[in-house]
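Student: Given these sequences and hints, build the entire structure.
Sequence positions in the sequence shown follow the working numbering and run 332 to 572.
Honestly, I wouldn't trust all of these hints.
Cβ-Cβ distance ranges computed for the label pairs, FRET-style [unchecked claim]:
1) MET535 with GLU402: 35 to 41 Å
2) GLU362 with GLY515: 44 to 50 Å
3) TRP561 with ILE536: 18 to 24 Å
4) GLN563 with TRP482: 20 to 26 Å
5) ASN523 with GLU413: 33 to 39 Å
6) LEU380 with ARG560: 53 to 59 Å
7) GLU413 with GLU557: 38 to 44 Å
8) PRO357 with LEU380: 19 to 25 Å
To be clear, the hints were calculated from the coordinates, so they are not data collected in a lab.
It should be emphasised that the depicted structure is a prediction, and the values quoted were computed from it without experimental measurement.
A virtual CB, placed ideally from N, CA and C, is assigned to each residue, including glycine.
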Amino acid sequence: MLGGSGGIRGAIQRLIENLTQREDSPEVQREKFELLQRLNHSEEEVVQLALQTLLVRGWHRDGTLKAASLEGVYFGAVDLSEADMRRSNLRQIQLNGANLTGANLAEADLTSANLTGTSLVKANLEGANLHGAFLYESNLSRANLREANLWDVRLGTTNLMEAMIDPEQMIAVNALHNATMPDGDRYDGRFNLPGDVDLAKFLMIDVEDTQSMAVFYGVSVGRYAEGQRWAQDNLPNLRTS
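Tutor: Written out as structure tokens, the structure is:
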């Protein structure tokens, strides 16, 4: 006997671990290698067929994509939930609308990646390089962004509810207009980010007028003013730390 439900769960977990740790046969290794090559093919049909094959077999979760080179590849709105893409080269990858819920992207290079409208709920982006990435309307709730490079990242209308991210990282991003912050509040403009200011100017909004900017950020005049007072007291130190 396995000693009740706890023993059964433990046995199942050990079985899963044994299966995942089992070394691939030479045939499987060769097929995985060929699929990775096809993911970098110049013809989109070849790329998509290779991607779908990899997904059907669950190889996006077993480490096959770990440290892979997928620079500039178009994936689009694909389901890569719980994918293991640690330390992968994903520069300029097109993942707009993709499902990356629970994905492991720790230390991945996502420079200038298109992640617009992507679900990154509970994703691990610790130490990832997101320099210049586009994450408009993406969902980063409960994502781990510790030590991630967020320089010039577009986070407009992004959900950052309960995300692990520091103010020192936020002051480096390009835009947070309409974003939901980790505490659940709407972003109030306190970081005075260049992308937000440029958008306001493009919309012919007087960026020096408190009431106009409060309307732009969708917050009360009091909240906007409070955020600007916080900026005066804290931004200089954050930018030199």
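Student: Decide, hint by hint, whether the structure agrees.
Tutor: Comparing the hints with the structure gives:
1. MET535 with GLU402: 35 to 41 Å: Because 39 Å falls inside the window, the suggested range holds.
2. GLU362 with GLY515: 44 to 50 Å: With Cβ atoms ~46 Å apart, the hint holds.
3. TRP561 with ILE536: 18 to 24 Å: 21 Å, holds
4. GLN563 with TRP482: 20 to 26 Å: Holds, since GLN563 and TRP482 (Cβ atoms, about 23 Å apart) stay within the stated range.
5. ASN523 with GLU413: 33 to 39 Å: 37 Å, holds
6. LEU380 with ARG560: 53 to 59 Å: The hinted range 53 to 59 Å holds for LEU380 and ARG560, with Cβ atoms some 56 Å apart.
7. GLU413 with GLU557: 38 to 44 Å: 40 Å, holds
8. PRO357 with LEU380: 19 to 25 Å: 23 Å, holds
When each numbered hint is compared with the structure, no violation occurs for any of them.
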